[in-house]
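Chemist: Sequence:
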Amino acid sequence: RAAIDLAEAGIHAYLLESTPSLGGRVAQLGFMFPTHDCVLCRGTSDHGFGCTRPSITPALLDHNRHPNVTVLTSSDLVSCEGEAGDFRARIRQRPQYVDPALCTNCGRCAEVCPESRLSDFQLRLSTRKAIDKSAPRSVPNAFYLLEPTERCADCGACVEVCPTHAIDLNAQPRELEIHVGAVILAMGFQPFDPVEMPELGYGRIPNVITSMQYERLASRSGPTEGIVRRISDGEIPRRIAWLQCVGSRDQRNAYCSSICCMYATKEAMLAKQRIPEVECAIFTMDERAFNKEYNLYYEQARDLYGIHYYRCRISGVEEDPETGEIILRYPTGRAHEESAPGQGPIREERFDLLVLAVGIRPPSKAVETARILGIQLNQFGFCETDKFAPLATSRPGIFVCGAFASPKEIAETILDASGAAAEAMRLLREHIGERHFSRAQPFVSQDGFTEEHNAAEPPAIAVALCGCAGEISEVIDLDRVADAAGRLPDVVAIQRMPLACFQPGSTQLRSWLESSGANRLVV
23 RAAIDLAEAG
33 IHAYLLESTP
43 SLGGRVAQLG
53 FMFPTHDCVL
63 CRGTSDHGFG
73 CTRPSITPAL
83 LDHNRHPNVT
93 VLTSSDLVSC
103 EGEAGDFRAR
113 IRQRPQYVDP
123 ALCTNCGRCA
133 EVCPESRLSD
143 FQLRLSTRKA
153 IDKSAPRSVP
163 NAFYLLEPTE
173 RCADCGACVE
183 VCPTHAIDLN
193 AQPRELEIHV
203 GAVILAMGFQ
213 PFDPVEMPEL
223 GYGRIPNVIT
233 SMQYERLASR
243 SGPTEGIVRR
253 ISDGEIPRRI
263 AWLQCVGSRD
273 QRNAYCSSIC
283 CMYATKEAML
293 AKQRIPEVEC
303 AIFTMDERAF
313 NKEYNLYYEQ
323 ARDLYGIHYY
333 RCRISGVEED
343 PETGEIILRY
353 PTGRAHEESA
363 PGQGPIREER
373 FDLLVLAVGI
383 RPPSKAVETA
393 RILGIQLNQF
403 GFCETDKFAP
413 LATSRPGIFV
423 CGAFASPKEI
433 AETILDASGA
443 AAEAMRLLRE
453 HIGERHFSRA
463 QPFVSQDGFT
473 EEHNAAEPPA
483 IAVALCGCAG
493 EISEVIDLDR
503 VADAAGRLPD
513 VVAIQRMPLA
523 CFQPGSTQLR
533 SWLESSGANR
543 LVV
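Last residue of the sequence shown: 545 (this note's numbering), numbering continuous.
Every clue listed holds true.
When the alpha-carbon atoms are kept at most 20 Å apart in a straight line, the in silico SDA-like pairs for lysine to any residue are as follows:
1) K387 with R114
2) K294 with G328
3) K430 with N313
4) K430 with Y277
5) K294 with N317
6) K409 with Y277
7) K430 with T407
8) K294 with E247
9) K314 with C278
10) K294 with R252
11) K294 with C488
12) K387 with D142
13) K387 with T41
14) K387 with C102
15) K430 with G210
16) K409 with E434
17) K314 with D325
18) K387 with Q401
19) K430 with Q401
20) K430 with N317
21) K430 with C278
22) K430 with A276
23) K294 with S495
24) K430 with G441
25) K314 with R324
26) K387 with S40
27) K430 with S386
28) K387 with L399
29) K430 with N275
30) K387 with S101
31) K294 with R260
32) K387 with V100
33) K294 with P56
34) K294 with D325
35) K294 with T232
36) K387 with E103
37) K430 with F402
FYI, nobody ran anything at the bench for these hints, they're computed from the structure.
A quick note: this is a predicted structure, and the numbers were derived from the prediction, not measured.
Please model the entire structure based on the sequences and the hints provided.
Modeler: Right, dumping it as structure tokens:
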């Protein structure tokens, strides 16, 4: 977001990314809070709740990059010398072994690759090939190779099948030096690793997962294609529990991570939308729904979706070895009761799946980056800022945004990014407008629909209405849409389906379309 804002002002921006593709943690989410919009299609800056990857994607459509943005993936900052307005940064870029400019996304390399590894993007819930894509719609939209092994040198199957010769197994790291006027740190965060709390059973009990793993299970691009299942046996859970404040507000990390309360509520609502009969319980110290309309969101989850909130902190987790069920013991009393919660007798309940709502920690490279840039960190390891200058670091000309400054949600991060870009513009105000604005460039040229593309026969239109697991059907009256569509000329068939994009829905759609007699389809 910050890079796009600067580029739109005519200032050239270098977007430095340590991983092979943009997006960070948000790229792993399936749905955005609080709108439940899909990250892939609605997570843009136009909707207020966005992330780096989709908010930069519009400028990269049709493989046309923004002329004022240089993207450097798999890159690390080595040094940064100089002063505000005049920095010289040295960057080391690791090889990805696949040239993004030549990669056509055919996927032949992954098909022939014999090497499988656990996927970090899928939070180790599934495997990937050694040469693969990090995400379904990654930026750059290209395959890449993890560190080649001795087997890769002996194999070389991917090199042989690549139609554009984009793969070079002998690629070497390169270093470059760039001259910049300001630096913006958008380093994100790392989730707390619950292995440090063995009493919660993570890594020991299969059906205890983290909130990020749940996000992958709920995502359409996840290992289960959006169908939440138990890890142990693949069964659909009937009861799911969430434990709040895992890794936050304790003796290890006294601060509040600020996002856990609301994303756990979102995840429970997503579970109810996909599995209406599922029971959801959230165990929380207190529900911090403090931003605009967040309390209304919490009340909707509690009253409309029937999600149960219990104000207590679970101290231990047990497993029934025969059924794989999770056993929780807690004092009775719900969070929304006026009486003192959690003071009643101890109750024991069983759940099919337990989700640990993990908190936020500083990024893994925070200390190293602070040393290179000469900036200070606070007592928790996040970037030191001033309350009256929350985007400025301890070194002039270097700004910070997002969770590296302090734990915060997506919307606040996007606002931070635009604010940090504005601070950089103020510092570099004499350079504004030096380059052409992107909106003056003919980036997207898409041919309109023409009848010549179709057979010369009378149109017979089939209309498929997808409820999208409640995302559409709860907002739009699809019965009225179906009735209106039925009165339109040339419409021969109308079909409603809950999830057209999942595999069962796609099969149903194809079968229905073949029997409908239609030669055109509207979804």
